[in-house]
Structure formats: C-alpha cells, structure tokens
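**Student:** Chain order of the listed sequences is A and B. Residues in the first sequence are numbered consecutively from 22, following the numbering used here. Residues in the second sequence are numbered consecutively from 114, following the numbering used here.
If you are wondering where the hints come from, they were derived from the structure by calculation, not from laboratory data. Be aware that one or more of the hints could be misleading.
[Claimed, not checked] Once the Cα atoms are required to be at most 25 Å apart in a straight line, the calculated SDA-like pairs of lysine to any residue come out as:
| id | chain 1 | residue 1 | chain 2 | residue 2 |
| --- | --- | --- | --- | --- |
| 1 | A | Lys569 | A | Ala598 |
| 2 | A | Lys569 | B | Asn211 |
| 3 | A | Lys355 | B | Glu169 |
| 4 | B | Lys255 | A | Ala613 |
| 5 | A | Lys548 | B | Gly124 |
| 6 | A | Lys273 | B | Lys178 |
| 7 | A | Lys348 | B | Glu169 |
| 8 | A | Lys583 | B | Ser216 |
| 9 | B | Lys255 | A | Cys591 |
| 10 | A | Lys383 | A | Glu531 |
| 11 | B | Lys255 | A | Leu543 |
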Amino acid sequence: MKQSSNRAFLSGNAAVARGAWEAGVRFAAAYPGTPSTEILEYCGTYSEIDAQWAVNEKTAMETVIGACYGGARSLCAQKHVGLNVAADPFFTVGYTGVNAGLVIVSADDPGMHSSQNEQDNRYYAMMAKIPMFEPANSQEAKDMTRAAIKLSEEYDTPVLLRMTTRTSHSEGIVSLGERETAPEREFVRDMAKYCVLPNNARRLHVKVEERLKKVAEFAGNCEFNRIETGDTRIGIISSGISYSHAREVFPKASYLKLGLTFPMPTELIKKFAETVETLIVIEENEPFIETAVRVLGIKCIGKDRLPVCGELNPDIIHEALKDLVDKPMPQLTKIPDVEIPVRPPVLCPGCPHRGIFFILRKLDCTVTGDIGCYSLGAFPPHNAIHTIVCMGASITNSLGIEKAMKEKIHGKLVAVLGESTFMHSGISGLIDTVYNKGRHVTIILDNSITAMTGHQENPASGRTLKGEPAKVLDFEAICHACGVTNVHTVDPFDLKAVESTLKTALADSEPSVIIARRPCFLLKSYKPKVQLVSINRDKCVKCGICWKLGCPAIEVNQQDGKTQINTALCVHCGLCAAVCRPGAITQAKEEA
Amino acid sequence: MGKNILLCGVGGQGTLLASNLLAECAMEAGFDVKKSEIHGMAQRGGSVVSHVRFGERICSPIIRKGECDILLAFEELEALRWTEYLKPGGLVLSNAQNILPMSVSAGNARYPQNITETLARISAEVTSVDAIGKARELGNQKCLNVVLLGVLARRIDEIKPEIWPEMIRKMVPQRLQELNLKAFKTGWELA
Numbered sequence: 022m023k024q025s026s027n028r029a030f031l032s033g034n035a036a037v038a039r040g041a042w043e044a045g046v047r048f049a050a051a052y053p054g055t056p057s058t059e060i061l062e063y064c065g066t067y068s069e070i071d072a073q074w075a076v077n078e079k080t081a082m083e084t085v086i087g088a089c090y091g092g093a094r095s096l097c098a099q100k101h102v103g104l105n106v107a108a109d110p111f112f113t114v115g116y117t118g119v120n121a122g123l124v125i126v127s128a129d130d131p132g133m134h135s136s137q138n139e140q141d142n143r144y145y146a147m148m149a150k151i152p153m154f155e156p157a158n159s160q161e162a163k164d165m166t167r168a169a170i171k172l173s174e175e176y177d178t179p180v181l182l183r184m185t186t187r188t189s190h191s192e193g194i195v196s197l198g199e200r201e202t203a204p205e206r207e208f209v210r211d212m213a214k215y216c217v218l219p220n221n222a223r224r225l226h227v228k229v230e231e232r233l234k235k236v237a238e239f240a241g242n243c244e245f246n247r248i249e250t251g252d253t254r255i256g257i258i259s260s261g262i263s264y265s266h267a268r269e270v271f272p273k274a275s276y277l278k279l280g281l282t283f284p285m286p287t288e289l290i291k292k293f294a295e296t297v298e299t300l301i302v303i304e305e306n307e308p309f310i311e312t313a314v315r316v317l318g319i320k321c322i323g324k325d326r327l328p329v330c331g332e333l334n335p336d337i338i339h340e341a342l343k344d345l346v347d348k349p350m351p352q353l354t355k356i357p358d359v360e361i362p363v364r365p366p367v368l369c370p371g372c373p374h375r376g377i378f379f380i381l382r383k384l385d386c387t388v389t390g391d392i393g394c395y396s397l398g399a400f401p402p403h404n405a406i407h408t409i410v411c412m413g414a415s416i417t418n419s420l421g422i423e424k425a426m427k428e429k430i431h432g433k434l435v436a437v438l439g440e441s442t443f444m445h446s447g448i449s450g451l452i453d454t455v456y457n458k459g460r461h462v463t464i465i466l467d468n469s470i471t472a473m474t475g476h477q478e479n480p481a482s483g484r485t486l487k488g489e490p491a492k493v494l495d496f497e498a499i500c501h502a503c504g505v506t507n508v509h510t511v512d513p514f515d516l517k518a519v520e521s522t523l524k525t526a527l528a529d530s531e532p533s534v535i536i537a538r539r540p541c542f543l544l545k546s547y548k549p550k551v552q553l554v555s556i557n558r559d560k561c562v563k564c565g566i567c568w569k570l571g572c573p574a575i576e577v578n579q580q581d582g583k584t585q586i587n588t589a590l591c592v593h594c595g596l597c598a599a600v601c602r603p604g605a606i607t608q609a610k611e612e613a
Numbered sequence: 114m115g116k117n118i119l120l121c122g123v124g125g126q127g128t129l130l131a132s133n134l135l136a137e138c139a140m141e142a143g144f145d146v147k148k149s150e151i152h153g154m155a156q157r158g159g160s161v162v163s164h165v166r167f168g169e170r171i172c173s174p175i176i177r178k179g180e181c182d183i184l185l186a187f188e189e190l191e192a193l194r195w196t197e198y199l200k201p202g203g204l205v206l207s208n209a210q211n212i213l214p215m216s217v218s219a220g221n222a223r224y225p226q227n228i229t230e231t232l233a234r235i236s237a238e239v240t241s242v243d244a245i246g247k248a249r250e251l252g253n254q255k256c257l258n259v260v261l262l263g264v265l266a267r268r269i270d271e272i273k274p275e276i277w278p279e280m281i282r283k284m285v286p287q288r289l290q291e292l293n294l295k296a297f298k299t300g301w302e303l304a
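One chain only, chain A, in its complex shape (with noise of 0.2 Å):
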C-alpha cells in the first residue's frame, strides 16, 4: 500500500474538484459558502477549468447552465442554503435538460457548524426531479462526480450531488485517473428544449417523468448502489457519511449501500430487506431513505429510535441501537469536574467591524444583522445585532420593522452588512427601500474580500478567482443609482468620525448609507502603518470600556482585575486607545 503518484490524500471537496477535472469539466462557478466553498478553490488550480466566483448562488447557476448548453462541461457548487437562492434556474434546468454534462453541487450542513438551519436537500432532487448522487467518503466523492457527468449527459439531465459537512471536510485516500478528452458539443438553437414557454415546459414535463423512469432503472443496476452480505441478522440501509459511521458500529452486519438515491432503486431495496432479519434505515436529518422504505409496505427502525436533529457519528448510533450491538459501547475515562469556560469564534484582533459594534452600541441602535464576519457582532460582549434572517435580508428586514413600527424606530434603526452581501442580495432590498420610501440607516462593511468563509475575491477585491485582475465596483455610485441621496464613506478605525457620521445619518429625514471601508486585518496584501500600542496599567481605573471591544487582546488580569494587554495577539490597530477614558491605553503618534 506504498504511496504513488496516483494516490493522494483529498478533502472530499478537492475530491469533487478532481473528478471535475477528470470528468473533462471545464467550467465551474460558485458563490462561497461553508461547507462548499473550496470546491470552486480547487477547481480554480486546474488550468483547464475555468472557475469563477460568481456574486451569488443563482447568477453562479444560471451561468453554468449558459456553459452546459453552450457545450462546456459544467459545475457549480453551493452550501445548503445556497440552494435556496439558486432554486428558480435549478428546478427549471430540470425540465430542460443538458447539452454538455452538468454537475450540481449541495454541500449540506448537518449539525450547523456554519449554518443558520440545516435543511435536508435531498428533498431538492425529489422536488426537482434531477438525479443524485450521496458520496460516503473522497474516494466515492471523486468518482461520483465523474459519474454525474456521464449520467448527465446520457440521459440530458443535470445531477445533484449531495455533500455534507463530514464529507466535504473529511479527508481520505483517493486514487487518482487521466482527464478525459470531451467530445464537442455545439449550441444548437432549439426552442423546444431551451426556452421553457408554457407550451414548451408543458411537453417537457412528460419527458422528465419518462426520463425518471429510465433513471430508476439505472438506479437498481448502478455501481454505487450495492448490497455487501454479511450476517444477515441485521440489515443496514444507508448513504453518504451515515454509511461511514455505520460500519463502525455494525461491521459484521449486511448493507445496502446506496449512492444513487434519487431516483431510489426500488427493486434493490425489496430483495435486500427479503433478505434480512431485523432492517435499519441510518441516515443524518431527515428520514428521506426510510419514507421511500415505508412506502414499499416494509417494517424498519429508523427515525423511531436515531435523532432528526443533528449530526450523527458512531456513538449516536451506538447508543440509539444499543440492543442491536453485538458490542458493548467503548469504556470512558473519568473526567474531573472541571468548569471549562466555552471558546468561541471572535472577531480577529485588528477587525475593521468592531469599532462599527462599539458604536452602534453606544447609540443604543436598533440593528438588522447578516451573514458574514460581522454575525459575530450578535456575541457578547458586543450585543448589537439584533436579527440575522439569510443573505442580504438585513436591510429589507429594517424596511419591514420601520413599516410595522414607523415613528417608535426612526432615528434607531440600522441595518449592518458586508459588501459581498450588498452585492450577493443585499442592493435589490436598498432599492426596494428608497422605492418604499424607509429612512434606516444602511452600513455596508467593506473589507474588499468573502472574509467569513476564508477570504474568497469578490467584485470588491480588483481580483478573479483565478488572481487576474478585475474591475472595482463602485459602491458609492451603485448607492447614488439606487436613489440614496445621502451616501458617507468613513474609516472604521476612525470612531468619532463613524460616530457623528451615523448621529447625521439617523437625524435624516432619507434613507442614507454609510460604506465603512477597510481592507480585512488578515488580507496578505494589506500593510498598515503600525503606530505601537502601549498600557500604562497604573493608569487603568477597571472602568471595563475596553473590554466593550471584544479583542483577543484585550485581557483582564486574573490577579488586580485590572486590563492587560497580550503582546502576542495585539496588532497595534488603536482602537482600545481611542476609547480608553483614563489614558492608560495609548498610540504611540509615529510609526514604528
């Protein structure tokens, strides 16, 4: 088992990008979004593949079912709930088919790591009426999507590919193959198929349901849906990370493993349930596989006994199915007990939203929140965000809050996003707001780059995806176009200047918009002038206003109670001395 260069040790989103690649792709486009968001990155290192981060879900759709009628083999991905925003182009691709193969990627969040709910998008396919494949590791992650190409194009359908978290961020070993050469495929006008007027989409339909019927077929015959006799006492059904799992705690039990599982292969599931005793449906979420099982008229355990809520793993299993383990469950160790304070994610030291809390904090606002960096905003100690729906809804959530409360919220109310979801979806809500005629405050915060899900380029940036260089869009202007009068740019590391700034911008009687603008801390490219901050902690009277800014660096000392700083963490960005009161925080006037 000796490393060669045809193995390699994948995540299951370099996986997917691999299998892009071998499968001849040679178009992929995305918006980012965790869990999915290195697929797009790893499709961008293959020069054949041209990957282009697109400014939202559906544009990256629409664009890549432009490329796959237009002959090129397509990808393009997205996390969950980018499906939602990508679902119009997505159902109707469905009825028109494919001209080259297309791949659709849905990297679902079980657990919500990285989430606001953790819809099951297994259901999309059933809606949708596309195929999908459910790979359980890299290895099956590659070879699925070159399968999804070939299904694709066999059969004129786009297939869904469905990651989780698990498989996405887990990593394997994953043999590796040749790209194959893909045959020409011209764009040939043909109204019938690619414009979906009533008349056309109704003809369409008939042909989709044939389609599913001969993709069932395929089902029941596909390599990926398998069944691997053991003891036949018990019988597990399963698919994509739950198999994994699975096979931890039954590894002696008989398996049908499904891959395909949209359209599910029904016949498969009869013979093998024939076959044994007792039958398991293990699947994370919701009971997708085990409905299809029940309507068969067959008895199993499923969601009667494993959680819909959450993740699974081994021991979730374990403990729900205990009786069936023919092992008892590993022995612990015994833990003192201890009080473990929680660790979660902060805004980085040197962050340009934080400046933007303490002041919207101050000023007791009223905030509508995003999805972004700044969400953190929501966490102690800054406490000023007050909703956070989806993409870009924080500005029309304060255009509806205004229309419920009028005169009780104006002057209070503000609504704080990041410039990639201004353009993701946030300006259709800006212009829906002068049109309207609301008068909150909109913040965009523009640290030029994606920032949350690892500093992806975006329109704000001057960079593509591929790191060549790229018109700038102009925010300012695209804020006057939409009607905003009154339109402030100020330097979040400037507190008095946010601060009258926004006393100006809540005394109108207009929507205004303040663009808060300062390059992400921990974009390589961003040198600051470093003015060193120091403590002088004779100074400090524990006024606690400091802490207010939620930095890393910013410590209280276990011993006088008194504020300390951690050298190793302080990035000398001065905020901490701006607001100290006592003068005990200060920054040095020259650069260092």
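Here the structure of chain A is known, so what remains is to put chain B in place on it, guided by the hints.
**Tutor:** Okay, now just chain B, sitting in the frame of chain A:
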C-alpha cells in the same frame, strides 16, 4: 496496528498543518488514513479539533469517545475540553500554553487552575512540554505546530522515524523547510 489521534487547539495555532503532515506520514507508512475537522467559523479564534485515524481499514473519520489513543493539545484548556475522547490509559501530550477565551479575558469566567495536575488525574500518561517556548527560541512561534508534531512522532512506533522529515520536505514550502526540520527535531528531543 493503528492509532486514533485527536489534535486540539485554538484557531490560528496551526493544528491544520500538523494534522495534514501526520496524515500524510501515516499514508506514506502504508496505512489507510482518515481525517476530519470543521472549517468556517471555528477559524476565528475558536476551539479547533482534528481527528486523525490510521490503521488497516478506516471507515468513519470521527474518533469515538473512549477510543482516542493520543490527545495532542496545542493549549491546556483545550486539552481539558477534549479529554472525554481519551481511552482509559490514553496518552496526553500538551503544550504548556494558556490562551484566554473571550469569556475569561472579559472577566466573566475563570481559566481553570492547575490543568497539568488535573490532566494527571485523568491519565497516568501526561507529558506537558514548553513547545511554545521552544518555537520562540527557534525565532518563529508559528513553528509551534511542527515542534508538537515532533513530540507526537516520538510516540508513534508505527511510522518509521525517517518518514517525518521526508514528508516535511515534501509538504512545507522551501523557504520554511530548514526552520520546520529544526522545529521537528526539537520536538522529537523534547518528548
């Protein structure tokens, strides 16, 4: 033959590179390997953990509670947080460094005292090393992760000693190789 190793620490400490190197070395040694970690929000100074499992055949990428052979902690509080995964008699290797979580630095919670003693009550096999001090002596505290990898490597008999530097040369950018090879050797000698 095989091991379950949990690497834990604080976002930004470099647990990711250490777990990658470990996994690649185990693969080079001829084992099946799986690794799992969570990205995203955890990067921003939060708790981070990597599961690395190697053996003849590995299915689940997640280590079960009570089945972790070695806990490699980059920070003491994080060592304490993940001990419930340790098998009875499992080994704890910990960097003697304390990084205060926001709840503690803001004065709302207390950092547990005498963690090394508490860990010693949990497992008979606890090695606490000043890896961060050694990394600073080497002139770059970012090589903490490879110092700790050296500490860990000494305790993994399944992987031949020469594989480690070989994979460091292969995976670390050229300009950082010398530093990391030194860091690895320092860790190896600390253990």
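**Student:** State for each hint whether it applies.
**Tutor:** We went through each hint and held it up to the structure:
| no. | hint | in the structure |
| --- | --- | --- |
| 1 | A:Lys569 with A:Ala598 | 13 Å, holds |
| 2 | A:Lys569 with B:Asn211 | 22 Å, holds |
| 3 | A:Lys355 with B:Glu169 | 29 Å, violated |
| 4 | B:Lys255 with A:Ala613 | 22 Å, holds |
| 5 | A:Lys548 with B:Gly124 | 22 Å, holds |
| 6 | A:Lys273 with B:Lys178 | 21 Å, holds |
| 7 | A:Lys348 with B:Glu169 | 20 Å, holds |
| 8 | A:Lys583 with B:Ser216 | 15 Å, holds |
| 9 | B:Lys255 with A:Cys591 | 16 Å, holds |
| 10 | A:Lys383 with A:Glu531 | 23 Å, holds |
| 11 | B:Lys255 with A:Leu543 | 15 Å, holds |
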